[in-house]
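Colleague: Sequence:
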Amino acid sequence: MTRTARSWSPRPADAPVQDDSPHPSPAPRAEQDAGGSPLREWLRDLPLLRAQPPPFAPADAPAEPLELLVAWLREAVAAGVPEPHALTLATVDAAGRPDARVLVLKDVADSALWVASGAGSPKGRQLASVPVAALVFYWPQQGRQVRVRGRVRAGGERESARDFLERPAHGRAESLLERQSRPLDEAHLSDEFADVDDLLALEPATVSSTWRLWGVDASRVEFWQSSPDGQHLRLRYSRAEHGGYDRQLLRP
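The sequence shown begins at 1 in our numbering and counts up by one.
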């Protein structure tokens with residue numbers, strides 16, 4: 001069934017709104033300023049950076065950035081931040097066109113952060129052909145984000161196979177079909193899945209030969225923590241030529 005796309009505009013200011021949240025979103029402005037738009041004004045009025053960040057003293061930060069990243073991740077888990085291991089992975093293709101999508105962190109090891117995908121998927125092809133990437137974690141409940149940039153390397157076959165076998169059955173089935181991001185053909189969907197499900201039932205240790213772990217080297221890592229007065233804390237680690245990392249505070 002084909003759906004007709006419709007343009008969207010914010011709800012008029014006089015329309016009834018049912019919002020049980022403790023901080024309901026403000027209604028868009030009824031009047032338009034010169035050079036502005038109702039949507040622009042509505043977006044500007046949305047609340048932002050209302051978190052009360054945990055204590056953070058950059059002078060006491062560890063020498064290795066990934067040690068601090070794991071510490072912040074554990075604090076986010078302890079604080080109940082939803083899906084704290086979700087991150088945005090940004091890549092570029094051979095023509096320099098950017099892409100970004102949200103994945104989950106699989107591991108932090110060997111001076112890299114690890115994610116996973118099929119080698120034949122768009123992101124897998126981009127990571128292989130242009131082996132540089134950027135990652136962003138954002139934990140709004142704590143007013144924190146972490147940015148990572150570095151070169152990319154493929155993980156070993158054993159580690160990639162183990163990650164594949166730890167995936168849910170439907171995820172393994174889809175990966176074995178090797179059709180991620182291709183147009184959906186509902187006519188063949190059920191038959192293909194039935195064949196793969198039968199295979200996994202008979203041979204549960206079946207592994208996709210194209211499943212890969214990808215490590216993003218932590219060559220540059222920035223830790224950002226919000227402040228109500230706008231004086232946000234920014235601590236950047238840059239890998240030094242002689243080994244280790246140089247640390248530098250940045251202006252907000």
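Rather than coming from a laboratory, the hints here were simulated on the basis of the structure. Just to be clear, a hint being listed does not mean it is correct.
Claimed, not checked - Below, simulated SDA-like cross-link-like pairs (lysine to any residue); rule was C-alpha separation at most 20 Å, straight line:
| id | residue 1 | residue 2 |
| --- | --- | --- |
| 1 | Lys106 | Pro131 |
| 2 | Lys106 | Val136 |
| 3 | Lys106 | Val81 |
| 4 | Lys106 | Thr88 |
| 5 | Lys106 | Ala95 |
| 6 | Lys106 | Arg167 |
| 7 | Lys106 | Leu66 |
| 8 | Lys106 | Asp163 |
Said to hold, decoys possible - Restraint ranges, calculated between C-beta atoms of paired labels, are given here:
| id | residue 1 | residue 2 | range |
| --- | --- | --- | --- |
| 9 | Arg153 | Val77 | 24 to 30 Å |
| 10 | Pro122 | Arg151 | 31 to 37 Å |
| 11 | Val102 | Gly36 | 29 to 35 Å |
Glycine included, every Cβ here is placed at the ideal spot set by N, Cα and C.
Colleague: Each of the hints needs a verdict: does it hold here or not?
Modeller: For each hint, the structure was consulted:
1. A hinted pair counts as satisfied when its Cα atoms are at most 20 Å apart, and lysine 106 with proline 131 qualifies at roughly 18 Å.
2. Restraint check for lysine 106 and valine 136: satisfied, since their Cα atoms lie roughly 14 Å apart, inside the 20 Å limit.
3. Between lysine 106 and valine 81 the CA atoms are separated by roughly 18 Å; this keeps the pair inside 20 Å, and the hint holds.
4. Taking the CA atoms of lysine 106 and threonine 88, the gap is near 13 Å; set against the 20 Å cutoff, the hint holds.
5. At most 20 Å may separate the alpha-carbon atoms for a hinted pair to count; lysine 106 and alanine 95 exceed this at roughly 28 Å.
6. Restraint check: the Cα-Cα separation between lysine 106 and arginine 167 comes to about 11 Å, which is no more than 20 Å; the hinted pair holds.
7. For the proposed pair lysine 106 and leucine 66, the alpha carbon gap of about 14 Å is at most 20 Å, so the pair holds.
8. Proposed proximity of lysine 106 and aspartate 163 is supported: the alpha carbons are some 8 Å apart, at most 20 Å.
9. A hinted range of 24 to 30 Å holds for the C-beta pair arginine 153 and valine 77, which are about 27 Å apart.
10. Judged by the Cβ atoms, the range 31 to 37 Å given for proline 122 and arginine 151 is violated: they are separated by roughly 19 Å.
11. For valine 102 paired with glycine 36, a C-beta distance near 31 Å keeps the hint of 29 to 35 Å intact.
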